[in-house]
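Starting from the known structure of chain U, arrange chain S on it as the hints suggest.
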Amino acid sequence: MPTEIPDPVGGAADHLAAVVALRELSERLEDAAVEEAMRAGWSWSQVAEALGVTRQAVHKKHLRRLAAAGIELRRRHG
Amino acid sequence: MADDQRHQRRTGASQNRGQSRQRSRPSRGRGGPDGSFQQVMLQCLDEASRRGSRSAEAEDVLLALARNGSPETREVLAEAGLDPERLEQALEQERRAALASIGLTDPDASLVTAAPRDDERPLWGTSLREAMGRARHHLHRNRSGLAAEYAIIIGVLLAGFGTVPRALALAGVDRDALIGRLQRLSLQQTGPH
Chain U
0 MPTEIPDPVG
10 GAADHLAAVV
20 ALRELSERLE
30 DAAVEEAMRA
40 GWSWSQVAEA
50 LGVTRQAVHK
60 KHLRRLAAAG
70 IELRRRHG
Chain S
0 MADDQRHQRR
10 TGASQNRGQS
20 RQRSRPSRGR
30 GGPDGSFQQV
40 MLQCLDEASR
50 RGSRSAEAED
60 VLLALARNGS
70 PETREVLAEA
80 GLDPERLEQA
90 LEQERRAALA
100 SIGLTDPDAS
110 LVTAAPRDDE
120 RPLWGTSLRE
130 AMGRARHHLH
140 RNRSGLAAEY
150 AIIIGVLLAG
160 FGTVPRALAL
170 AGVDRDALIG
180 RLQRLSLQQT
190 GPH
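Top to bottom, those sequences are chains U and S. The first sequence begins at 0 in numbering that gives the first Met the number 0 and counts up by one. The second sequence begins at 0 in numbering that gives the first Met the number 0 and counts up by one.
The shape of chain U in the complex, shown without the other chains (with noise of 0.2 Å):
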């Protein structure tokens, strides 16, 4: 019996690509909120905290960002 080939929409096609869609939309989250937390004065240990990852990770993904932008960034001990 030759295998059916799915339909690349409707259904199962679409729920795959949801999961695509909310792993982009989770990213530009994680920016933004990450962002906004560090404008507002929180630490890189308090964002990566909330986050539920280290402050290394967190550094290591963010920080050149935000230092470009010129957002203020706290030192260490926070």
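None of these hints come from the bench; they were simulated from the model. It is possible that some hints are incorrect.
[Stated by the list, open to error] Computed beta-carbon distance windows for the label pairs: (1) D175(S) x A32(U): 36 to 44 Å; (2) L21(U) x G159(S): 31 to 39 Å; (3) R95(S) x E48(U): 32 to 40 Å; (4) D117(S) x A56(U): 39 to 47 Å; (5) Q55(U) x L186(S): 52 to 60 Å; (6) R85(S) x T53(U): 38 to 46 Å; (7) R54(U) x L186(S): 54 to 62 Å; (8) G102(S) x I70(U): 29 to 37 Å; (9) G132(S) x S44(U): 40 to 48 Å; (10) G171(S) x V18(U): 18 to 26 Å; (11) Q45(U) x R180(S): 36 to 44 Å.
Keep in mind that this is a model prediction, so the values were computed, not measured. Just so you know, even glycine gets a beta-carbon here, dropped at the ideal spot from N, CA and C.
Chain S in isolation, oriented as in the chain U frame:
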């Protein structure tokens, strides 16, 4: 850079799918790099950056060609309903349909607007790598710029699932007809072999 450019991100428009962990570098085809091929890939990365995406995907190379391809390529795409504006609309429609399928809509733009990653080059996403792999099968000996562009588009269009086929289906674009036309045009470029 102007503030509007620095903060320019179309709401939800950036695609960030299947990020490759490997560094992005234009691939070298058999027999050495092809200047046209590399130029298209650089434009593709620019397209991904312009849309605020961290990875360049298959739809980005399609956008790059729709916007910056040769006049012949742009004409073929436009006649198929894939000029830059309609292609962007199709991609946007696909994304919204995907979210709607699970009962979601776009969040407020302010929630997803952030400082861009200007100094970070987009990575090659999985869909882009796979599209380029398919494109190489359609690149003939005579890799003229135009033939390379046609081959790349064919490589993108041959995806069975994912963003591009979904966007084209939702926009009513006849993908098979476009592939056929591009294949015929490619033969005209390279001659019988």
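Taking the hints in turn, this is what the structure says about them:
| no. | hint | in the structure |
| --- | --- | --- |
| 1 | D175(S) x A32(U): 36 to 44 Å | 43 Å, holds |
| 2 | L21(U) x G159(S): 31 to 39 Å | 22 Å, violated |
| 3 | R95(S) x E48(U): 32 to 40 Å | 34 Å, holds |
| 4 | D117(S) x A56(U): 39 to 47 Å | 21 Å, violated |
| 5 | Q55(U) x L186(S): 52 to 60 Å | 54 Å, holds |
| 6 | R85(S) x T53(U): 38 to 46 Å | 44 Å, holds |
| 7 | R54(U) x L186(S): 54 to 62 Å | 58 Å, holds |
| 8 | G102(S) x I70(U): 29 to 37 Å | 34 Å, holds |
| 9 | G132(S) x S44(U): 40 to 48 Å | 43 Å, holds |
| 10 | G171(S) x V18(U): 18 to 26 Å | 25 Å, holds |
| 11 | Q45(U) x R180(S): 36 to 44 Å | 56 Å, violated |
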